[in-house]
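Colleague: For reference, the chains in residue letters:
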Amino acid sequence: MTATVETLIEGVRTGNRLALARAISRVENEQADAHLLLRALYPHSGQAHIIGVTGAPGTGKSTLVTALVQAYRRAGVTVAIVAIDPTSPFTGGALLGDRVRMRALSGDSGVFVRSMATRGSLGGLSKTSGDVVTLLDAAGFERIIVETVGVGQAEVAIASTAHTTVVVEAPGLGDEVQAIKAGILEIADLLVVNKADRPGADRTIKALEMMLELESDSPRQIRHHGQLIAVEQPATATITAKQWQVTVLKTVATNNEGIDALRDQVEAHRDWLQRSGEWAIREQVRIAYTLEAIVRAELNRRILAALPQTEINDWVQAIRNRATDPYTAAQKILAPIM
Amino acid sequence: MAGEKIRVLVAKPGLDGHDRGAKVVARALRDAGFEVIYTGIRQTPQMIAEAALQEDVDVVGLSILSGAHMTLCPKVVDLLREQGQDDVLVVVGGIIPEEDIPQLEAKGIAAIFGPGASTQDIGNFIRDHARRVA
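In order, the protein sequences belong to chains A and B.
Each residue of the first sequence is one higher than the one before, starting from 900 at the first, in our numbering.
Each residue of the second sequence is one higher than the one before, starting from 35 at the first, in our numbering.
These aren't lab readings, by the way, just hints derived from the structure by calculation.
Some clues are possibly wrong.
What the hints assert, rightly or not - Here chain B is said to cover these stretches of chain A; the calculated rule only asks that three of the stretch's residues, wherever they fall, bring their Cβ under 8 Å from a Cβ of chain B:
1) 923-936
2) 983-997
What the hints assert, rightly or not - A few chain B residues that don't get close to chain A, going by computed Cβ distances all over 12 Å:
3) G55
4) M104
5) K109
6) L138
7) N158
Here a beta-carbon is modelled for each residue, glycine too, at the ideal position from N, C-alpha and C.
Only chain B is shown next, with the shape it has when bound in the complex:
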């Protein structure tokens, strides 16, 4: 049959408008065969969670460069869990200081990809960990 496609929401929470990274990743994931739903910049955690629900995505990818990751990223995870999407994988890309990583992971972020991460690694990680593994 047509088979299932892994669906990934790529979103930029917060106020920084630098979306080149998010677009590069979105494009790379498209080329890796995923269905990528791109929401654009300046999204609140509520907007991201709502889009993730309506689109029934398997993965939420957050791109964040503003430094507000400790507030915004766990908030997205919490909202997803609240609305019953506890099986959605949340990954983060952007500028995240080394010392923040353990705390983000403890709060349910599955992986963090910093500058220099290869888009292929991101794709492989998603393919290995998304709930809807073909």
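Excised from the complex, chain A in its bound form:
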């Protein structure tokens, strides 16, 4: 049974969950008509607050997300979850296990959970997760939580997708030096020490707080074209809102401790984004990132389509023989296309 694109678009807009699920598959599989779906639904997106949840494997992200969603549901707010787990680079298969922790969310029509595999994408997300967020947004979910794969130190793509990034830590994962390294901790709008009933929780909290105290008043940095650039605060924001103060929250997600406080902080961050003008800046960055990714993917597709594999093999052979070098070869390959 293949539904037409029109039926799917209509279905997504009117709360048909099967239509939404199937629309997501078409987008995830990059089917030929996926861009028609996205084109029609994009104008209806831009309403949801996108919350990224990231952290090392085993810090309790899925359990924390589940508890956070329940807190939102108690307040009557609808939530969609995109839960990402890794694809095996060897077999292309994946085991998506985030639902095991999310059983408490079933039977609630105000919640929609979708698991995605990275399908070769690095950075903690999947290539199409941003598009899937667009669909869930257009379907009217008020909050969209994107749970990344368990990440190490440098997978920071989530910060270009989410309005609010929550970084989850657990006790006993490292010392104070880990906390001042570059990478994942820098993208946090909120830091959570989950499993805070475990020994060492206070030390972890101290280390993170120390890191935050070390942050100076240097100009605010945002990511642009993959580089950090300093930006001026919007002129209107200077009086009403100062810088966002990252705080360290303590949670025990398995018995719901600290979860309401976490929800309050996420909402406080949302308010701050809107009051300070930062929301507009993040939207700008997010859209630029999306646009670039689409242009890059299309360019890639065209280059590969214009290049027969045999030609590539010939170049590889020539480079192996040191008859040419990869830099010259790349120039020559691209010359007729560009």
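Start from chain A and add chain B according to the hints.
Modeller: Chain B alone, transformed into the frame defined by chain A:
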């Protein structure tokens, strides 16, 4: 293009908590290149059908050792059909007495894999019969 992946939901309906078999199969299907969504133990048919819908899976694999298969498995099939997923393949693994098999098949279970079934056979069956055959 990136191409389509066959998505399989592996679930344990009912009250028995013995999930080693389900995990072995989930892992084997992962290694066979499928995207496996594992839901864990003690799932109701409603929970399984709901997960199958949200995840838009091609296949639902039920692992059941409790003896309640005659009630729970057809219920999952019925719920899937009700919500418009009539093209989803449902397979069952576990302890199923020989005499129950024809009845389960009549109720829409596509295949039943008992003790000793090879994970490779399960993978091959799914690859041959899932709706989204590449």
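Colleague: When the structure is checked against the list of hints, which entries are broken? Sort them ascending.
Modeller: Violated hints: none at all, because every hint is consistent with the structure.
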